[in-house]
Amino acid sequence: DAGVIQSPRHEVTEMGQEVTLRCKPISGHNSLFWYRQTMMRGLELLIYFNNNVPIDDSGMPEDRFSAKMPNASFSTLKIQPSEPRDSAVYFCASSPETGGLSSGYTFGSGTRLTVV
Amino acid sequence: GEDVEQSLFLSVREGDSSVINCTYTDSSSTYLYWYKQEPGAGLQLLTYIFSNMDMKQDQRLTVLLNKKDKHLSLRIADTQTGDSAIYFCAETSGSARQLTFGSGTQLTVLP
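As you go down the protein sequences, you meet chains Y and L in turn. Okay, so the first sequence: first residue is 1 according to this note's numbering, each after it adds one. Okay, so the second sequence: first residue is 1001 according to this note's numbering, each after it adds one.
Excised from the complex, chain L in its bound form (with noise of 0.2 Å):
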């Protein structure tokens, strides 16, 4: 069945670069995304890319993916306090290509 796997924590430092994982297994996903949720609020679509691309860059944010491996990256960088939040991975899948999301990963930026 579908899974989406990601490492549930990670802390950086204010001003490094953040860097979040996430592992996914339905090869004919055509969207994959990053949802970003803070306290207390609803998941918020930060980026997407599209399936037949490797790369997408979006101000701060950069977002890899490697197909083969089936490995997709959100890259923040000078990471800002205010980019602490729950950031959840999505691909789409099943005969609908509906939503299948991660556990999320909650990224701390210490000062």
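The following block holds chain Y by itself, in its conformation from the complex (with noise of 0.2 Å):
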């Protein structure tokens, strides 16, 4: 399996621009998780899916960050429109089932978003 793959690795964009960043999980996993890490925050969950379906958007920051997961290999996360703080790496990762297992979650590389 190659495992979870997320496109594209570095985004450079202008303040205002529409952002979208894109996910593919491993096959058969049903949980799909969007996180952002900045040095100031550390790691925070976005937001969670389990088989397609939106579970918890709390950690969304505001209306301008938006998630799909049209079918279970796909997934993006979009910004309209972004701003030079919401520059962070974003990951994506997927797991069996939404936790408890051995088997933890699966972390793509990231996308290095840098909005200027």
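These are calculated hints, taken from the structure and not from any lab test. Hints should not be assumed to be uniformly reliable.
In silico DMTMM-like cross-links for lysine to aspartate or glutamate, where the CA-CA straight-line distance does not exceed 25 Å [unchecked claim]:
| no. | chain 1 | residue 1 | chain 2 | residue 2 |
| --- | --- | --- | --- | --- |
| 1 | L | K1036 | Y | E83 |
| 2 | L | K1067 | L | E1014 |
| 3 | L | K1067 | Y | E14 |
| 4 | Y | K78 | Y | E11 |
| 5 | Y | K68 | Y | E83 |
| 6 | Y | K24 | L | E1005 |
| 7 | L | K1068 | L | D1026 |
| 8 | L | K1056 | Y | E97 |
| 9 | L | K1070 | Y | E11 |
| 10 | Y | K78 | Y | D56 |
| 11 | L | K1070 | L | E1005 |
| 12 | Y | K68 | Y | E11 |
| 13 | L | K1056 | L | D1069 |
Pairwise CB distance ranges, derived in the manner of DEER restraints [claimed, not checked]:
| no. | chain 1 | residue 1 | chain 2 | residue 2 | range |
| --- | --- | --- | --- | --- | --- |
| 14 | Y | G3 | L | S1017 | 45 to 55 Å |
| 15 | L | N1052 | Y | P96 | 37 to 47 Å |
| 16 | Y | H10 | L | S1027 | 36 to 46 Å |
| 17 | Y | T20 | L | S1017 | 24 to 34 Å |
| 18 | L | D1003 | Y | T38 | 12 to 22 Å |
| 19 | L | T1025 | Y | T38 | 35 to 45 Å |
| 20 | Y | G3 | L | P1039 | 12 to 22 Å |
| 21 | Y | P96 | L | S1007 | 44 to 54 Å |
Everything numeric in this text was worked out from a predicted model, so none of it was measured. A virtual CB, placed ideally from N, CA and C, is assigned to each residue, including glycine.
Since each chain sits alone in its own frame, please combine them into the complex, following the hints.
And the structure:
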């Protein structure tokens, strides 16, 4: 298995532009998670899906952020409009279930977003 | 609410042992995990311990769990420069047993 695949690896955009981050989870994993990592706030859970349904989006910082999972093999995280304070590394992770397993979560390599 | 705490930094000499500590809050956690993040990479599962265990050893790694004090530690024997990374502790918590991560400990191995 190729693992969790995220694209792009790096994204530089201007303030006000729309940004879309993409994630392909491991085949057969039912749960998908979006995290944001910054120096100041560490690793933050933004939203997670179970069987393609959003379960908890309480970590999404503002209405500018939205996430979708149209099918079991694809998810997007969109920021519109983007702001410099959105600059961070965004990770996608997947798991066979939401939690409570020895396998934990499998993380992608992340997308480093820079908003100038 | 759930909270996982770790110290932010640890420096050790190459060849020494490293001990990274973590405290957690959810006494009903089923599994506790240690993840490793190398520069520019995602988090990689290093090891885990089931909550009914006190200790787990895996080559150079030893995990100790003190459920009474809700304290988890990761010991790395014979620490190498390749062990320099950020180490995250995580517990299973919440109604859906999702993982809650600590802030991470930056381990620096000095030659």
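Quiz item: CA of K78 (chain Y) to CA of D56 (chain Y), is that 25 Å or under?
Solution: The given pair, whose Cα atoms are some 16 Å apart, holds under the 25 Å limit.
Quiz item: Is the hinted pair K1070 (chain L) and E1005 (chain L) satisfied, with a Cα-Cα distance of at most 25 Å?
Solution: holds (11 Å)
Quiz prompt | Hint consistency between K1068 (chain L) and D1026 (chain L) [alpha-carbon to alpha-carbon, up to 25 Å] | solution = Since the Cα atoms of K1068 (chain L) and D1026 (chain L) sit roughly 11 Å apart, the hinted pair holds (cutoff 25 Å).
Quiz item: Between T20 (chain Y) and S1017 (chain L), does the beta-carbon spacing fit 24 to 34 Å?
Solution: Check failed, 45 Å falls outside 24 to 34 Å.
Exercise. Please test the hint of 36 to 46 Å on the beta carbon pair from H10 (chain Y) and S1027 (chain L).
Key: With Cβ atoms ~41 Å apart, the hint holds.
Practice problem: Return holds or violated for the Cβ distance of N1052 (chain L) and P96 (chain Y) against the range 37 to 47 Å. | Solution: Since N1052 (chain L) and P96 (chain Y) have Cβ atoms about 21 Å apart, the given range 37 to 47 Å is violated.
Quiz prompt | Holds or violated: K68 (chain Y) to E83 (chain Y), with C-alpha atoms at most 25 Å apart | solution = holds (20 Å)
Quiz item: Does the hinted range 45 to 55 Å hold for G3 (chain Y) and S1017 (chain L) at CB?
Solution: violated (31 Å)
Exercise. Given the range 12 to 22 Å, decide if the beta-carbon distance of D1003 (chain L) to T38 (chain Y) lies inside it.
Key: holds (18 Å)
Exercise. Take a quick look at whether K1036 (chain L) and E83 (chain Y) sit within 25 Å of each other, Cα to Cα.
Key: violated (30 Å)
Practice problem: Given the hint that K1070 (chain L) pairs with E11 (chain Y), test it: the Cα-Cα distance must not exceed 25 Å. | Solution: violated (40 Å)
Quiz item: Does K1056 (chain L) pair with E97 (chain Y) here, judged by a C-alpha cut-off of 25 Å?
Solution: With Cα atoms ~24 Å apart, K1056 (chain L) and E97 (chain Y) stay inside 25 Å; holds.
Hint check: violations occur at hints 1, 2, 3, 6, 9, 14, 15, 17, 19 and 21; the rest are consistent with the structure.
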